[in-house]
Amino acid sequence: MTPYRPIDPRNDDDTELDSAREREKQRALALAASVGSLMVGMRRGGLSGLLLGAFSGYLAYRASTGRGLKGTGRALARGAERTLTGHRTGPLDLSASITIARSREELYAFWRDFTRLPAIMTSITAVDDLPDGRSRWQAETPLGGTYEWEAKIVEDVPGERIAWRSVEGSDVPQTGEIRFAPAPAGRGTQVELNLRYELPHGLLAAAPLNFVNALSREAVREDLRHFKQVMEAGEVPTGAIHASAHEGVAR
Amino acid sequence: MKAVCWHGAQDMRVDNVADPQILNPRDAIIKVTSTAICGSDLHLYGGFMPGMQAGDIVGHEFMGEVVELGSAVTNLSIGNRVVVPFTIACGHCFFCDSGYHSLCDNSNPNAGVAEKMWGQSPSGLFGYTHILGGYAGGQAEYVRVPYADVGPMVVPDSVSDEQALFLTDIFPTGYQAIAQCDMQPGDTVAIWGCGPVGQFAIASAKMLGAARVIAIDTVDERLDMAATQHGAETLNPREVGNTLQLVEALRDMTAGRGPDICVDAVGLEAHGVGLEYWYDNIKQSLQMETARPIVLRQAIMACRKAGTVSIPGVYGGIADKIPVGALMNKALTIKTGHTHVQHYLKPLMDHVERGDIDPSFVITHRMRLDQAPEAYEMFQARRDNCIKVVMQP
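Chains as they are written, first to last, in this note's numbering: chain D, 219 to 469; chain F, 4 to 396.
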């Protein structure tokens, strides 16, 4: 369901290299740069060495596909831009699933009370119940501010599914759905969380606005993991030894 | 409180740090009475384990007295003398329910990182890499113990600290290395690495009825301990030669069959003879592989057809030139994993209580906690015949 749009190959490649001779020259340069960055990377070691190694591989790939050194910078910049914005100007769909050794009914009952969700959702600081299946959500932004919106339950099938959506006029319109299905051979319940954020101006534009750290598949997985930890073990684990080092855990 | 903290390769220090607090309802705080340095702590000390941060409190073999309990811990009382498994396990997930406590689904707060490296995350561990949770360890005066209602076990009065301490890790680890192999009457077990885990694997193999145990190590004192304590036959690769020669020696010792069970109790820092060792040493220092899997190769090559290779030795990342052809063509079984300590704690405590085994045989040095930097240095260099150091805060 993720709307992945393949990059148009016509726009992807950089420069048409005019002559065969120029092409050969560029290939040789790319290959030399590849070997050079591999050697420097190996000497440096660590993260920078690893990055240089990856860069070396990229250059070798360019050389092998008949492209040269020319236009490398532009191609890399375009790749970075795409990563940050390009793909993300439509809706952003995030899904994750997890198996929890508890019954569908228990898991549904926990989730149905939205006010308990801050205990498991890292970016959510508070949820207040409002009348008519509505709720007010509050998230902390990376820069320490708060961001609020109102959501409304649109579907509620006990033990199976809850779906909600932000009400009209939200800055980042969003929908969410959690599903509960039996896992095989009595191994509990398979839980699937599907979130969709409408990002009319791209992910980068949404970043200062709200909780960009929540807008990743990893964050959704992590929240589901917290759900499992609370339901199976009764608490979210922490490696900290004292309270000041104890962040965002077990409430 | 005082605690042994990792500050980088070859740099352990005794620091003053904040006392631990109860943070979750199932926590307990233990006042440590005895703690030991594990061979796997040397992987941290040598700088071979990724995911360490300067200031991390190390140590995963410890026992002591309960001084504080979280609201959900009802099976322990203040003052109880307990031994604590090094694997942190919630006791209620699919894996804990199945006896695979070191694979607990819930105890690693950094499971997302472990999933990136290994696909799925094992349990959290005390005093080890942040990939496995970054839990503060027990080479300290006090330690916070999560899930204290399922982990720690009360030690009977008749069992001393030194007899109980190794139930935290190395005794069950050596025991599991054999117990998971479905040993048959008449089986010969070959064990690479006669450090503490190897010694307990040798003892366990004898206890579980192995016909013969062959102990392999490059340090003569360790081979002596294997021979005198447990009646093992010994083999020193420095005398036998390279991998091929070692495999041939093991074939000769078993009339061509090869050992039925081959145990790699060495792990990622194996030593070897000749070109092979240099090859792995160079690749490891260039970070092109994270392990020197020399022993693993030898175990696979030496193992009897349809035999079992058991790996209690620790590995972290990627290793090269694993003889996968031998593995497949000889239909070998691999058994490995961190130890499901909670699963073995009770039966092994019973063995100790009955006097079937006195685990303190492995101790060579007794020191104070503030001598830890010296102890690490000595253990790493195998100086003064050092096999196992126990420290008291």
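These are computed hints drawn from the structure, not numbers from a lab.
Among the hints, erroneous ones may be present.
SDA-like, lysine to any residue: derived pairs with alpha carbons at most 20 Å apart [as the list claims (entries may be wrong)]:
1. F:K5 - D:A461
2. F:K286 - D:L269
3. F:K119 - D:L312
4. F:K286 - D:A458
5. F:K5 - D:A314
6. F:K119 - D:G254
7. F:K286 - D:A461
8. F:K5 - D:A458
9. F:K119 - D:R439
10. F:K286 - D:G394
11. F:K286 - D:S462
12. F:K119 - D:S434
13. F:K119 - D:A314
Label-pair distances were calculated between CB atoms; the ranges are [to be verified]:
14. D:E324 - F:A230: 49 to 59 Å
15. F:S288 - D:V253: 14 to 24 Å
16. F:I337 - D:Y279: 33 to 43 Å
17. F:N78 - D:G387: 20 to 30 Å
18. D:G362 - F:E356: 36 to 46 Å
Note that the Cβ used here is the ideal one computed from N, Cα and C, for glycine as well.
*Go through the numbered hints given earlier and state which of them the structure violates, listing their numbers in rising order.*
As far as the earlier hints go, 4, 5, 6, 7, 10, 11, 17 and 18 are violated by this structure, in ascending order.
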